[in-house]
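With the sequences and hints as input, model every part of the structure.
These protein sequence lines map, in sequence, to chains A and B.
Letter by letter, the first sequence follows residues 1 to 213 of my numbering.
Letter by letter, the second sequence follows residues 214 to 426 of my numbering.
Where hints are given, some of them may not hold.
Stated by the list, open to error - When the alpha-carbon atoms are kept at most 25 Å apart in a straight line, the in silico BS3-like pairs for lysine-lysine are as follows:
1. B:401 with B:383
2. A:73 with B:227
3. A:73 with A:145
4. A:120 with B:383
5. B:383 with A:145
6. A:170 with B:333
7. A:188 with A:170
8. A:14 with B:358
9. A:188 with B:401
10. B:227 with A:145
None of these hints come from the bench; they were simulated from the model.
There are 2 protein chains.
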Amino acid sequence: MNKPSAPTPRTQVKRVADYASYDRTLLHAIVDSAYVCHIAFADANGSHCIPTACWRDGDWLYIHGSNGSRMLKRLQEQECCVTITHVDGLVLARAAFNHSMNYRSAMIYGRFEAVDEAHKRVAMEAFMEHMAPGRQREVRAGNDKEYAATTVMRIALAEAACKTRTGPPKDDEEDMQLPVWAGVLPLKAAHGMPVVDEGCTVPAPAYVQAWRG
Amino acid sequence: MNKPSAPTPRTQVKRVADYASYDRTLLHAIVDSAYVCHIAFADANGSHCIPTACWRDGDWLYIHGSNGSRMLKRLQEQECCVTITHVDGLVLARAAFNHSMNYRSAMIYGRFEAVDEAHKRVAMEAFMEHMAPGRQREVRAGNDKEYAATTVMRIALAEAACKTRTGPPKDDEEDMQLPVWAGVLPLKAAHGMPVVDEGCTVPAPAYVQAWRG
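Below is the structure:
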């Protein structure tokens, strides 16, 4: 099920190839930790790199937007590249050129497809579940007009590669005795204290209470 | 000095145009808060979206890499799009389709240029200053061989647009009385406790001590 997928010419990592992985479990974890991805595509004006909200369901990555979105139209006509990157720390080595960063990134190649009306509802509910588990049954659900104005698209998590760096700096042997502090300065995505909307008197649900500052 | 730059056809924001800004101070702040950007470019295999470390000096965004990097070669031959995105929170509205995210993003269009040898040193020292202020004078500086193997490139922060969303959810009037918790779940980039390298006995410098967990 989660065996690695074989690299293609586009996903064969060439730079620092020992940081590469084609493991599906890792790919899923990197996607699930993200709220947005960046998508590269091209049109008559050249290349564009657009950030957009994303979520995963099974072996698919989903995005959505207005029917009028230029990007969503273009993405149905061409292949693209979707990238997610988490920066986990600054790696401070003894030598300037051995400095690095710890990170987890995923790149997905392929073509998006629009999903049909029935599937759209399932997909948008999965999006809500990704943002706030359990909230779908609390909110005013989307109506026909809202769904009709929205395009939901998905791309297979098939032609994909991950690249990660973890751990301490790697200095050259001859630099190891230099009197320089070396180590990692970790970075992480953290939660701030929930901010309740003005006039809202409804008690905070569990997923809001659990969102620590 | 920091007056807004006029939008071009590529940077004229069309979707939710009231979130757009062409203010240079905002652009600089978004770039300065980032450790990595995503760059979209194309080659015979299609579009690529590559994450890479970046830093700013004046009105330029810098990147670097090995002379052998495919991306760095391609970026000298074509225009590209550089994007930085910070996700600041999940915006929970009373209606499913009014959910949103708070964010700050910047898109820069143009062509990178490689910088010459003398400039390369200044630029790499600015990169170190961005990661760890004051560290450049502590570490073993790059030698001629290391500099010779490295390409440093810059792109003007000229044709650029920012897009930001802040603040509470915006629900429709008829949904305001629904018994649904509404508000913002903030997200922020946080620091973890510094991890000293095994065998390093050098006291932590000020920028490491200031890096709180």
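Can you confirm whether the C-alpha distance between residue 73 (chain A) and residue 145 (chain A) stays at or below 25 Å? Judged against 25 Å, a Cα distance of about 20 Å means the pair holds.
Take a quick look at whether residue 383 (chain B) and residue 145 (chain A) sit within 25 Å of each other, Cα to Cα. Answer holds: residue 383 (chain B) to residue 145 (chain A) is near 18 Å, not above 25 Å.
Can you confirm whether the C-alpha distance between residue 188 (chain A) and residue 401 (chain B) stays at or below 25 Å? It holds: about 8 Å lies between the C-alpha atoms, which stays within 25 Å.
Starting from residue 401 (chain B), check that the Cα of residue 383 (chain B) is at most 25 Å away, please. The hint holds at about 22 Å.
Hinted pair residue 188 (chain A) and residue 170 (chain A), Cα distance within 25 Å: 22 Å, holds
If you draw a straight line from the CA of residue 73 (chain A) to the CA of residue 227 (chain B), is it 25 Å or shorter? Status holds; Cα separation ~14 Å.
Are the Cα positions of residue 120 (chain A) and residue 383 (chain B) separated by 25 Å at most? 23 Å, holds
Satisfaction of hint between residue 333 (chain B) and residue 170 (chain A), Cα-Cα up to 25 Å: Given that 25 Å is the threshold and the Cα spacing comes to 23 Å, the pair holds.
Within a Cα-Cα threshold of 25 Å, do residue 14 (chain A) and residue 358 (chain B) meet the stated pairing? This hinted pair holds, its Cα atoms lying about 22 Å apart.
Between the alpha carbons of residue 227 (chain B) and residue 145 (chain A), is the straight-line distance 25 Å or under? 22 Å, holds
In terms of the numbered hints stated before, the structure departs from none.
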